[in-house]
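Peer 1: Per my numbering: the sequence shown = residues 1 to 141.
Since the hints were made in silico from the structure, they are not lab data. Everything numeric in this text was worked out from a predicted model, so none of it was measured. One or more hints might be untrue.
What the hints assert, rightly or not - Okay, derived cross-link-like pairs now, DSS-like style, lysine-lysine, Cα gap no bigger than 25 Å in a straight line:
| hint | residue 1 | residue 2 |
| --- | --- | --- |
| 1 | K80 | K39 |
| 2 | K136 | K84 |
| 3 | K80 | K136 |
| 4 | K101 | K84 |
| 5 | K39 | K53 |
| 6 | K136 | K101 |
| 7 | K101 | K80 |
| 8 | K53 | K84 |
| 9 | K136 | K59 |
| 10 | K46 | K101 |
| 11 | K46 | K136 |
| 12 | K39 | K84 |
| 13 | K84 | K46 |
| 14 | K59 | K46 |
| 15 | K84 | K59 |
| 16 | K39 | K59 |
Unchecked claim - What follows is a set of in silico ranges between Cβ atoms, one per label pair, in the way DEER data are often shown:
| hint | residue 1 | residue 2 | range |
| --- | --- | --- | --- |
| 17 | P116 | I54 | 16 to 26 Å |
| 18 | I132 | G106 | 42 to 52 Å |
| 19 | L138 | N107 | 51 to 61 Å |
| 20 | W109 | R131 | 17 to 27 Å |
| 21 | S89 | N119 | 16 to 26 Å |
| 22 | V55 | D93 | 22 to 32 Å |
| 23 | W109 | S56 | 12 to 22 Å |
| 24 | F35 | A75 | 31 to 41 Å |
Don't be surprised by glycine CBs; every beta carbon is placed ideally from N, CA and C.
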Amino acid sequence: MKKTMAAVFAVLILTGGCSRLNPFVKESTETEARFEPNKFLWQAAKDKLSFLKIVSEDKERGVMTSNWGRVNNIADEEFKIEVKVLSTSLRSDCLQATVYKRVWQGNQWVEESANPQLNEEVENAILNQARILYRKSLAIH
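Could you build the full structure based on these sequences and the hints that come with them?
Peer 2: Below is the structure:
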């Protein structure tokens, strides 16, 4: 009897932490909080990437991607930019931009490494635009 009680008690303790297996836990009707990227960084990224046409926006993940496009009308070179807004805060460490580059070689596009400084330049342009949007919002209120 003692062994049976100990076994039942052990099973209850081991499964008690798992809400799916715990018979004493009520089903939660609350939904998980959704991620909402900082609205100023998000809008600034949309503004700055608009010249390349944005092809994907996933606000729940905070990721925005542009289409391939030419910069400065260089015919055999195209760029694509991916921006990640990593937080609800308006801070530089909450933004990540990645610039992709491809060049026309022969009869096909070949991806090359973009200058890493381009990532930083895009981030700075977005951050500056986000600050402008934030200041404008303060003036309105």
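Peer 1: Against this structure, judge whether each hint is valid.
Peer 2: Verification of the supplied hints:
{"no.": "1", "hint": "K80 to K39", "in the structure": "holds, 22 Å"}
{"no.": "2", "hint": "K136 to K84", "in the structure": "holds, 23 Å"}
{"no.": "3", "hint": "K80 to K136", "in the structure": "violated, 29 Å"}
{"no.": "4", "hint": "K101 to K84", "in the structure": "holds, 18 Å"}
{"no.": "5", "hint": "K39 to K53", "in the structure": "holds, 19 Å"}
{"no.": "6", "hint": "K136 to K101", "in the structure": "violated, 34 Å"}
{"no.": "7", "hint": "K101 to K80", "in the structure": "holds, 6 Å"}
{"no.": "8", "hint": "K53 to K84", "in the structure": "holds, 16 Å"}
{"no.": "9", "hint": "K136 to K59", "in the structure": "holds, 23 Å"}
{"no.": "10", "hint": "K46 to K101", "in the structure": "holds, 20 Å"}
{"no.": "11", "hint": "K46 to K136", "in the structure": "holds, 17 Å"}
{"no.": "12", "hint": "K39 to K84", "in the structure": "holds, 12 Å"}
{"no.": "13", "hint": "K84 to K46", "in the structure": "holds, 11 Å"}
{"no.": "14", "hint": "K59 to K46", "in the structure": "holds, 11 Å"}
{"no.": "15", "hint": "K84 to K59", "in the structure": "holds, 10 Å"}
{"no.": "16", "hint": "K39 to K59", "in the structure": "holds, 10 Å"}
{"no.": "17", "hint": "P116 to I54: 16 to 26 Å", "in the structure": "holds, 23 Å"}
{"no.": "18", "hint": "I132 to G106: 42 to 52 Å", "in the structure": "holds, 43 Å"}
{"no.": "19", "hint": "L138 to N107: 51 to 61 Å", "in the structure": "holds, 53 Å"}
{"no.": "20", "hint": "W109 to R131: 17 to 27 Å", "in the structure": "violated, 35 Å"}
{"no.": "21", "hint": "S89 to N119: 16 to 26 Å", "in the structure": "holds, 20 Å"}
{"no.": "22", "hint": "V55 to D93: 22 to 32 Å", "in the structure": "holds, 26 Å"}
{"no.": "23", "hint": "W109 to S56: 12 to 22 Å", "in the structure": "holds, 19 Å"}
{"no.": "24", "hint": "F35 to A75: 31 to 41 Å", "in the structure": "holds, 40 Å"}
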